[in-house]
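Trainee: In order, the protein sequences belong to chains D and S.
Each position in the first sequence, counted from 1, maps to that position plus 13 in our numbering.
Each position in the second sequence, counted from 1, maps to that position plus 455 in our numbering.
Be aware that one or more of the hints could be misleading.
With a cut-off of at most 27 Å between alpha-carbon atoms, the simulated DSS-like pairs for lysine-lysine come out as follows [claimed, not checked]: (1) S:Lys476 x D:Lys105; (2) D:Lys122 x D:Lys138; (3) S:Lys524 x D:Lys105; (4) S:Lys524 x D:Lys238; (5) S:Lys545 x D:Lys97; (6) S:Lys461 x S:Lys545; (7) S:Lys458 x S:Lys545.
Reference listing, derived: stretches of chain S covered by chain D, where coverage requires no fewer than 3 residues with Cβ under 8 Å from a Cβ of chain D [claimed, not checked]: (8) 457 to 464; (9) 495 to 509; (10) 516 to 530.
Ranges between beta-carbon positions, derived for each pair [stated by the list, open to error]: (11) S:Ala579 x D:Pro86: 29 to 37 Å; (12) D:Asp152 x S:Val499: 50 to 58 Å; (13) D:Ser125 x S:Lys576: 43 to 51 Å; (14) S:Lys576 x D:Ala117: 44 to 52 Å; (15) D:Arg137 x S:Gln485: 44 to 52 Å; (16) D:Ser62 x S:Thr495: 50 to 58 Å; (17) S:Val499 x D:Met257: 22 to 30 Å; (18) D:Thr246 x S:Thr488: 26 to 34 Å; (19) S:Lys576 x D:Ala146: 34 to 42 Å.
Everything labelled a hint here was simulated from the structure, so no lab data went into it.
The structure presented is a predicted model; accordingly, all values stated were derived computationally and were not measured.
Note that CB positions come from ideal geometry on N, CA and C, so glycine has one too.
Here is how the chains run, residue by residue.
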Amino acid sequence: MLEAQFGTRLQALGAAMERGDEAAFHTMLDDMLHSRKPALFGELRELTSNLQVALDRFRVDSRLADIAENDMPDARARLQHVLKMTDEAAHKTMDLVEQSGPPAERTSKAASILAGMWANFRARKITVQDFRALLEQMDAFLPAVQTDAEIVRRNLSEVLLTQGYQDLSGQIIRGVMQLVQELETALVDLTRISSQGVDSVARGDAKPSQAASQGFGPVVPGVTKGVVASGQTDVDDLLAGLGM
Amino acid sequence: MSKELKFLVVDDFSTMRRIIKNLLHDLGYQNVTEADDGKTALPVLQAGGIDFLITDWNMPGMPGLDLLKAVRADAKLAKLPVLMLTAEAKREQIIEAAQAGVNGYVIKPFTAETLKEKLDKILATMAPK
């Protein structure tokens, strides 16, 4: 190809150089360069048009713009909500622990006093007065320990339920992770266009269509769209309305 | 007899499965099995022996709604009591679950009392074995 295109002219150029014919050399060189221009412009035009096509395809296929405008602000709000949830759960757990301390301690102290009196009774070292005191103490102790033990039991159950925050915050975090994955894909595509140019953009996947069967995760105030049940009572009312 | 009921608890978060299992124990139900997704739950159900299904909705493999539909579509499982226990709170989703044949719907976060109430309600409507 090259020989056919430039062969004779290069020979002529070389010959002019050999005989020292500067004028002829320069004229022929200018000629050659001149004929390159349209070809160069042609190549540049083709390159530009290919880049344009790639960018257009990227703009249409890529989720980047949508991610930047909509999903990122959402993601921040979602993670903020996670912070709030974990903070509240931690405090609630500690509240319940703090509230369980006193009843447990009361029981322990009262039992300890009672144990002393009981030991005397068993060792037959107890006066009638003290025996009456023991009975009174017992009368007070039994109902008190029932009440206090129930308080502690209830608090422990509440602590258990409070750990539900891990599931809810986990679902939200998982949703944000999906977004990060999409962002990564879009950015990689963009880098490929800019570095290798043109035809190397992988066909971006359209947003994995959120099938309603998949679920949307926990409600995040300000982010979750659509009409949302405000609590279990709302759910019960809705279901009752449907005849359930 | 009812305390011998065998439960299957399905949720992709192990912490939530643990919470529900503990609550069921507190209510006297000792027979509780777990699965981490609709996909792993279905074979367990098809193997038989499960009397009550408690399932989450948002699970990566097979979401709870699809599990519910699969259960209702299977002649052997169609009558299985199903309680959905999920964070999904959009009205259209609740309606969809009801239309798919769910017996009860509890949204997270929930209380032990609510779980007991809904369980009892469903069990009351079950034909005695």
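Trainee: Now tell me, hint by hint, if it's right for this structure.
Mentor: Verification of the supplied hints:
no., hint, in the structure
1, S:Lys476 x D:Lys105, "21 Å, holds"
2, D:Lys122 x D:Lys138, "22 Å, holds"
3, S:Lys524 x D:Lys105, "37 Å, violated"
4, S:Lys524 x D:Lys238, "25 Å, holds"
5, S:Lys545 x D:Lys97, "21 Å, holds"
6, S:Lys461 x S:Lys545, "30 Å, violated"
7, S:Lys458 x S:Lys545, "33 Å, violated"
8, 457 to 464, "violated (count 0)"
9, 495 to 509, "violated (count 0)"
10, 516 to 530, "holds (count 4)"
11, S:Ala579 x D:Pro86: 29 to 37 Å, "47 Å, violated"
12, D:Asp152 x S:Val499: 50 to 58 Å, "53 Å, holds"
13, D:Ser125 x S:Lys576: 43 to 51 Å, "46 Å, holds"
14, S:Lys576 x D:Ala117: 44 to 52 Å, "35 Å, violated"
15, D:Arg137 x S:Gln485: 44 to 52 Å, "46 Å, holds"
16, D:Ser62 x S:Thr495: 50 to 58 Å, "52 Å, holds"
17, S:Val499 x D:Met257: 22 to 30 Å, "26 Å, holds"
18, D:Thr246 x S:Thr488: 26 to 34 Å, "31 Å, holds"
19, S:Lys576 x D:Ala146: 34 to 42 Å, "51 Å, violated"
Hint compliance for this structure: hints 3, 6, 7, 8, 9, 11, 14 and 19 are not met, and every other hint is.
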